[in-house]
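Visitor: Those protein sequence lines, which keep their order, are chains S and R.
Each step along the first sequence adds one to the number in UniProt numbering, with nothing skipped, and position 27 is 27.
Each step along the second sequence adds one to the number in UniProt numbering, with nothing skipped, and position 255 is 255.
Have a look at the derived ranges for each label pair, beta carbon to beta carbon:
#1 T42(S) <-> E144(R): 31 to 41 Å
#2 P141(R) <-> T12(S): 39 to 49 Å
#3 F224(R) <-> G100(S): 48 to 58 Å
#4 K15(S) <-> T137(R): 35 to 45 Å
#5 R41(R) <-> G100(S): 27 to 37 Å
#6 E238(R) <-> N115(S): 42 to 52 Å
#7 N115(S) <-> I243(R): 36 to 46 Å
#8 A153(R) <-> C99(S): 43 to 53 Å
#9 K85(R) <-> D53(S): 19 to 29 Å
#10 L117(S) <-> T63(R): 23 to 33 Å
Hint data in this document are derived by calculation from the structure and do not stem from the laboratory.
C-beta atoms are modelled at their ideal positions from N, C-alpha and C, and glycine is treated no differently.
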Amino acid sequence: MADVTMTVNGKTVSKTVEDRTLLVQFLREGAGLTGTHVGCDTSQCGACVVHVDGKAVKSCTMLAAQAAGSEVTTIEGLASGGELHPVQAAFREHHGLQCGFCTPGMIMAAVDMINRLGGPLDEATIRAELEGNICRCTGYHNIVKAIAAASAEMAGVRTAAE
Amino acid sequence: MYETTYHRAESVADAATRLAGAEDGKLLAGGQTLLPTMKQRLAAPSDVIDLTHIADLKGIAETGGGVRIGAATTHAEVASSEIVKRLLPGLASLAGHIGDPHVRHRGTIGGSLANNDPAADYPSAVLALGAVVHTNTRQLPAEEFFAGMFETALDDGEIITAVEFPAATASAYAKYPNPASRYAMAGVFVAKRADGGVRVAVTGAGQDGVFRHEGMEQALAGNFSAAALDGISVDADEMLSDIHGSAEYRAHLVTVMAKRAVAACG
Numbered sequence: 001m002a003d004v005t006m007t008v009n010g011k012t013v014s015k016t017v018e019d020r021t022l023l024v025q026f027l028r029e030g031a032g033l034t035g036t037h038v039g040c041d042t043s044q045c046g047a048c049v050v051h052v053d054g055k056a057v058k059s060c061t062m063l064a065a066q067a068a069g070s071e072v073t074t075i076e077g078l079a080s081g082g083e084l085h086p087v088q089a090a091f092r093e094h095h096g097l098q099c100g101f102c103t104p105g106m107i108m109a110a111v112d113m114i115n116r117l118g119g120p121l122d123e124a125t126i127r128a129e130l131e132g133n134i135c136r137c138t139g140y141h142n143i144v145k146a147i148a149a150a151s152a153e154m155a156g157v158r159t160a161a162e
Numbered sequence: 001m002y003e004t005t006y007h008r009a010e011s012v013a014d015a016a017t018r019l020a021g022a023e024d025g026k027l028l029a030g031g032q033t034l035l036p037t038m039k040q041r042l043a044a045p046s047d048v049i050d051l052t053h054i055a056d057l058k059g060i061a062e063t064g065g066g067v068r069i070g071a072a073t074t075h076a077e078v079a080s081s082e083i084v085k086r087l088l089p090g091l092a093s094l095a096g097h098i099g100d101p102h103v104r105h106r107g108t109i110g111g112s113l114a115n116n117d118p119a120a121d122y123p124s125a126v127l128a129l130g131a132v133v134h135t136n137t138r139q140l141p142a143e144e145f146f147a148g149m150f151e152t153a154l155d156d157g158e159i160i161t162a163v164e165f166p167a168a169t170a171s172a173y174a175k176y177p178n179p180a181s182r183y184a185m186a187g188v189f190v191a192k193r194a195d196g197g198v199r200v201a202v203t204g205a206g207q208d209g210v211f212r213h214e215g216m217e218q219a220l221a222g223n224f225s226a227a228a229l230d231g232i233s234v235d236a237d238e239m240l241s242d243i244h245g246s247a248e249y250r251a252h253l254v255t256v257m258a259k260r261a262v263a264a265c266g
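Only chain R is shown next, with the shape it has when bound in the complex (with noise of 0.2 Å):
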């Protein structure tokens, strides 16, 4: 690792500031990317502002219609949350399934859709459950934060506060993890919105990172079974393809996995 400045920042304001003031700063959530990739000396940031020492940052609550997580909230934070795993049953085995247990207990769910990795589970939930991704300038809706691989809405200097999610009346994910890195080779996240409607979002196999599969979510409106999935395809070209799957075996790993969560929907 290369020599870098450490900041443990005392509020959301703090942060942005010391921010602003570095040469080459980034953000420190749980760093179980950001510090690998340190490491490597793939990145090498002049100062990194410590977030998970920011009591706003943090937290579980009920909200109206759905459940707000702070985003400095880790996986197994979530995971284990009596909240979620009530609201969004689908969202809990996500979150407890990411990496390993030592990566659960500092990984943060800010973090990981800030750094929108193609691979990674959780852009999948809030894009198929419509969540708002808050952050200390404005509002986000899923379908506006998501911007390709690792790339995301987000200004420089922003930073995600929140995570605001919208009960669903069902919600399940099914997931392919690579047996090596545990990332998903496919993921695919399935939600039954109140108002009838169901969304379905790809991880892990898109060549843009996570998506939505319309012709799935119609299938399933209509009829919301595994075999309402039979006869639908996935198109390879837009698929990723790389030692570990083909596109082909990818597209065809997605239409498993979204048969899986549906029938873990119930």
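Bound conformation, chain S alone (with noise of 0.2 Å):
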């Protein structure tokens, strides 16, 4: 066993865990965060998208004691308040979503491109960027949308606030 502790959305986590349990385990069962989706075993569906220390990971291809230390955010922490992230709050506005299951490790995904890439980006960047990302409703097209909707968005408060 092995005793992990983490980070999770600015909160300390601690718990007592078997060593091959996977970072998505942990934030599901253990710290009971279960926005974060497991959509296959096979790492390939990006459902289970997370950032540890600031960058996209898929959480059930890292085991929890190889997060240990680090600061995690969930789809759970990206809203401030009782206010949407700008990407959510575009993903409603732009229906990019259809049943919801790949949402979380979608809306993770796009957060992590454009805190890398800035904005606003186009589509065939988005696109790109999303290669890690299945969605089961092949709902892909409101979803380019809906980032590169955010994308601009952020762009421009950025420059507001500058």
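Two independent chains are provided; combine them into the complex using the hints.
Guide: Below, the structure written as structure tokens:
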């Protein structure tokens, strides 16, 4: 067993777990944060994407013990107060979800790509950056639209703040 | 996943000691192949020894005549490195197209080379650029490192610490990714070296993993243009054949990717 402590959405979480515990299991079953989904068993679908120390990773392809000492952000940590993150708001506005299963991973991937690349992002870039996220409803078109809108808005906000 | 014991190594020596003391231990770098394999119960190491918190294994530095990349450096770090982009743009581009963004945030160059997946991207760059693989016990030239499908010259317990790439006057990588897995169906790395020589290394297509194509190298040494590869054929008998593509298809794909890589060298 391993004593694993990490910061999740700003709060310290400590659990004693089996060494083989995946980060996604730690988050869902240990921390009770079930917004992070498991869509496949093969590390391909991206529904489990969270940020570890600011970088998007598949939480099903990392042991919880590997993340010990790290800062983790999940979908639950994006909104501030009652206000949705701009990417979450854009997914709602542009109907960027159908069944919603892939949405947490899509949004975490989108926030990561906008943080890394800035904005506004074009369609080709967004589609290439979404290579690690699969939508079983095949609702990509509106997902891409939502990310494009959010990236433009976030770039505008940034410019206005400068 | 079967039970395993996790170790966070503090140094390369510590990792070697822990690996030697384990019943059936495995080194864990980015884990983007090992962990999925363990989840499928295709691998069941008694112990996993995490190398990614060892400071000595990280980072990218410009050396006298090239670039030294620590074994635990991620694909994303290689792809975005200003040093790599300036000296070896083909290598930066290759790293930026491995897997997907999330995989690139975890996967490492050392892990990729130690695994030597026949469809992995990095082996082609290491072989074409004539890199040297540094381990905790010795230095291995690329020609001696790769030993067939999923096989390398690494001894049991040997740990890759860094990869040293000599600078090249031009470098580029072109791959045809499998549409589903994104692994290379054929990937070709072309390097024009400081001495004027040209090296062409192919991944994803060969039955024995990465290989050099001497016919293409000679043609390009005389005339460094995509047209120089017209009429050069790749032997289908040595190509992989599977549900994704026949040997003949891959042989053809290799020449197409080689031409694209040469064109991308500019």
